[in-house]
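> Take a look at the letters that make up each chain.
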Amino acid sequence: GAGVSQTPSNKVTEKGKYVELRCDPISGHTALYWYRQSLGQGPEFLIYFQGTGAADDSGLPNDRFFAVRPEGSVSTLKIQRTERGDSAVYLCASSFFELPSSGNTIYFGEGSWLTVV
Amino acid sequence: GQNIDQPTEMTATEGAIVQINCTYQTSGFNGLFWYQQHAGEAPTFLSYNVLDGLEEKGRFSSFLSRSKGYSYLLLKELQMKDSASYLCAVSPFSGTYKYIFGTGTRLKVLA
Numbered sequence: 001g002a003g004v005s006q007t008p009s010n011k012v013t014e015k016g017k018y019v020e021l022r023c024d025p026i027s028g029h030t031a032l033y034w035y036r037q038s039l040g041q042g043p044e045f046l047i048y049f050q051g052t053g054a055a056d057d058s059g060l061p062n063d064r065f066f067a068v069r070p071e072g073s074v075s076t077l078k079i080q081r082t083e084r085g086d087s088a089v090y091l092c093a094s095s096f097f098e099l100p101s102s103g104n105t106i107y108f109g110e111g112s113w114l115t116v117v
Numbered sequence: 001g002q003n004i005d006q007p008t009e010m011t012a013t014e015g016a017i018v019q020i021n022c023t024y025q026t027s028g029f030n031g032l033f034w035y036q037q038h039a040g041e042a043p044t045f046l047s048y049n050v051l052d053g054l055e056e057k058g059r060f061s062s063f064l065s066r067s068k069g070y071s072y073l074l075l076k077e078l079q080m081k082d083s084a085s086y087l088c089a090v091s092p093f094s095g096t097y098k099y100i101f102g103t104g105t106r107l108k109v110l111a
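Just so you know, the protein sequences line up as chains A and B, in that order. FYI, in the numbering used here the residues of the first sequence are 1 to 117. FYI, in the numbering used here the residues of the second sequence are 1 to 111.
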């Protein structure tokens, strides 16, 4: 697609429920990142994939959070037993490859706004 | 630990120049990025500095001093559409976009 696509754009769920957030990166981008942004804060790293494998999941807050990218393209972030503190915007980003440089810009999606009530 | 500091809010007048500062203390350094984020939208890339000095791109310039752990974003000829949050981010780790972000500076441009 033309840009990073995230669905749903908005999700309201009850405390304790299971949620899946989907990210469709720009075609051909091998690196994919998930960030979480709370109100008034900067994005916080969660996990990144190079291809199908999670190269670094050190930012996942606890074992209720899990992410997959089975075919090296679309990724799903899964949150079990949601808590009110999970309410945030979940941002996905992708790039051609890992190395940061001005020629390898990272592109963010619009985000999935999650509200846990 | 990793720490990035930037002012929370700034106000400037249309047509003016504004400088947004960012200081960082990180375990490593592989580049500093500035992003613009309008309310409810995705962050969009503005600039990247990895060497000391000034990078200019149209109305936007970004400066880096690695020895001081300091950067600034300079916006010239401010327009109303420049009202947004400006995020400073550092890549401390070699080879990845595992950024550490500041909390962002909310810029209001007044007519």
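In short, the hints are calculated from the structure, not lab data. Keep in mind that a hint or two might mislead.
[As the list claims (entries may be wrong)] Reference listing, derived: stretches of chain A covered by chain B, where coverage requires no fewer than 3 residues with Cβ under 8 Å from a Cβ of chain B:
1) 36-42
2) 81-95
3) 105-113
[Stated by the list, open to error] Some chain B residues flagged as far from chain A (calculated, every beta-carbon gap over 10 Å):
4) 72
5) 78
6) 89
7) 97
8) 102
9) 110
10) 111
Please read all numbers here as calculations on a predicted model, not as lab measurements. Note that the Cβ used here is the ideal one computed from N, Cα and C, for glycine as well.
> For a quick check of understanding: which of the numbered hints are violated here, in increasing order?
Result: hints 6, 7 and 8 break, sorted rising.
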